[in-house]
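Protein chains: 2
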Amino acid sequence: MSVIANTPKPPYFAVIFTSIRTEGDEGYGATADRMVELAEQQEGFLGVESAREGVGITVSYWRDLDSIKNWKANSEHLDAQKTGRKSWYESFKVRISKVERDYGL
Amino acid sequence: MSVIANTPKPPYFAVIFTSIRTEGDEGYGATADRMVELAEQQEGFLGVESAREGVGITVSYWRDLDSIKNWKANSEHLDAQKTGRKSWYESFKVRISKVERDYGL
Numbered sequence: 002m003s004v005i006a007n008t009p010k011p012p013y014f015a016v017i018f019t020s021i022r023t024e025g026d027e028g029y030g031a032t033a034d035r036m037v038e039l040a041e042q043q044e045g046f047l048g049v050e051s052a053r054e055g056v057g058i059t060v061s062y063w064r065d066l067d068s069i070k071n072w073k074a075n076s077e078h079l080d081a082q083k084t085g086r087k088s089w090y091e092s093f094k095v096r097i098s099k100v101e102r103d104y105g106l
Numbered sequence: 002m003s004v005i006a007n008t009p010k011p012p013y014f015a016v017i018f019t020s021i022r023t024e025g026d027e028g029y030g031a032t033a034d035r036m037v038e039l040a041e042q043q044e045g046f047l048g049v050e051s052a053r054e055g056v057g058i059t060v061s062y063w064r065d066l067d068s069i070k071n072w073k074a075n076s077e078h079l080d081a082q083k084t085g086r087k088s089w090y091e092s093f094k095v096r097i098s099k100v101e102r103d104y105g106l
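In order, the protein sequence lines correspond to chains R and U.
Numbering-wise, the working numbering comes out as the position in the first sequence, counting from 1, plus 1.
Numbering-wise, the working numbering comes out as the position in the second sequence, counting from 1, plus 1.
Hints were generated in silico from the structure; no laboratory data involved.
By construction, the Cβ of each residue, glycine as well, lies at the ideal position given by its N, Cα and C atoms.
All the given hints hold, so there is nothing to weed out.
The calculated DSSO-like cross-link candidates involving lysine-lysine, where the alpha carbons are at most 27 angstroms apart (straight line), are:
#1 U:Lys94 - R:Lys70
#2 R:Lys99 - U:Lys94
#3 R:Lys10 - U:Lys87
#4 R:Lys83 - R:Lys99
#5 R:Lys99 - R:Lys10
#6 R:Lys94 - R:Lys70
A few chain R positions that, by computed beta-carbon distances, are all more than 12 angstroms from chain U:
#7 Asp34
#8 Arg35
#9 Glu44
#10 Ser68
#11 Trp72
#12 Glu77
#13 Asp80
With these hints in hand, go ahead and build the complete structure from the sequences.
Have a look at this one:
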């Protein structure tokens, strides 16, 4: 996902997911791709940006807090979250934030 | 910066800076390092996370909007912003957001 998300005018919401991976793939790559595909189909999804270089940072953008709540509760996503905690991530942090202003080039 | 920022309890603020670089270094690497060093000295700075993989994502965390405003107006940072627009970045987006909730592993 090497693009800058084309988000609408603020306000909207950003979920900042920062993680340190464990060694080995263990099905991580395929699931990560699938989660992006699945997220894109969710109501209220606005875009996603992702990069890993030592630390991994994935920022997904959402219309409102309800969209984020629904995505968190998606059953296929719940399975991925479970495996993430158990085997893919050494540590991670999820931050739910409200984008109030943006500008760019 | 391959660590997850050790931020305090929300609320606090996140500046999500997403960018696509131009070709060549043109002094970018040294300035990027210097900007992290300088940001860390600013009042209200809480941490930073950064990764580049196609797209670059740097998320810096701040106590309040005034800290962000002061950092944006820092003279050495202003010079870097100018060169960034002129030569380092093909495109970028800055999003100012308020972190309302976080959790992790």
